[in-house]
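Student: So you can see what is in the structure, the chains are spelled out below.
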Amino acid sequence: DAGITQSPRYKITETGRQVTLMCHQTWSHSYMFWYRQDLGHGLRLIYYSAAADITDKGEVPDGYVVSRSKTENFPLTLESATRSQTSVYFCASSEGLEQETQYFGPGTRLLVL
Amino acid sequence: GQNIDQPTEMTATEGAIVQINCTYQTSGFNGLFWYQQHAGEAPTFLSYNVLDGLEEKGRFSSFLSRSKGYSYLLLKELQMKDSASYLCAVPTYSGAGSYQLTFGKGTKLSVIP
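Residue numbers (our numbering), protein chains in the order written: chain P, 1 to 113; chain Y, 1001 to 1113.
Mixed in with the good hints there might be a few duds.
[Said to hold, decoys possible] Computed spacing ranges between beta-carbons, pair by pair:
#1 P:20 / Y:1098: 22 to 32 Å
#2 Y:1045 / P:40: 16 to 26 Å
#3 Y:1017 / P:77: 27 to 37 Å
None of these hints come from the bench; they were simulated from the model.
Predicted model, so just to flag it, every value in this text is computed and none were measured.
Glycine is no exception: its CB is placed at the ideal position from the N, C-alpha and C atoms.
Bound conformation, chain P alone:
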């Protein structure tokens, strides 16, 4: 019972490179979310998805691209990484939206040099 997994768990990249963070859930949850967590800011929503091929922006979407071709996968791509995107990225999923608990993956620590 894997639940929700993220890969890679740690990533070092250079400014300007494209990076894709993977998220996979085995619960068949409709909703999936990407957050970043930084000291002094807490968790901030980047993008979320209500179903396959349906995505919407969160609080801090600039510089990120998402897709959802399959219900279980929700990759996050940094098209041209910047140092300000150094952060811990968490993927989450939930059955519904309102009043529904979100379940978080273990996180990916990304360092952009």
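Given chain P's structure and the hints, the job is docking chain Y onto it.
Tutor: Just chain Y, lined up with the frame of chain P:
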């Protein structure tokens, strides 16, 4: 918009009781979540309140007052393993209809012997 305030840090003694407060300002109210996050790990769900009053769940209780925009998490019989950050979160919708779970910056609780 939404604004969530929590104390940054708290320290309490093993076996004692601690109350972690959260105040929020939001346009439209759809409940309030508490999450626990141990250092280097993912947030995990603790409680959800949508009606006023106290909800008890073992050693943890959560209180909500919608008229005051106030919630607290009460931890009893503190154990060393309760040392973690506690995140208050409020779901909201933007003017464009986008959903967002807005998190406070979290309260880092240190339990000392």
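Student: Enumerate the violated hints, using their earlier numbering and listing them in ascending order.
Tutor: 3
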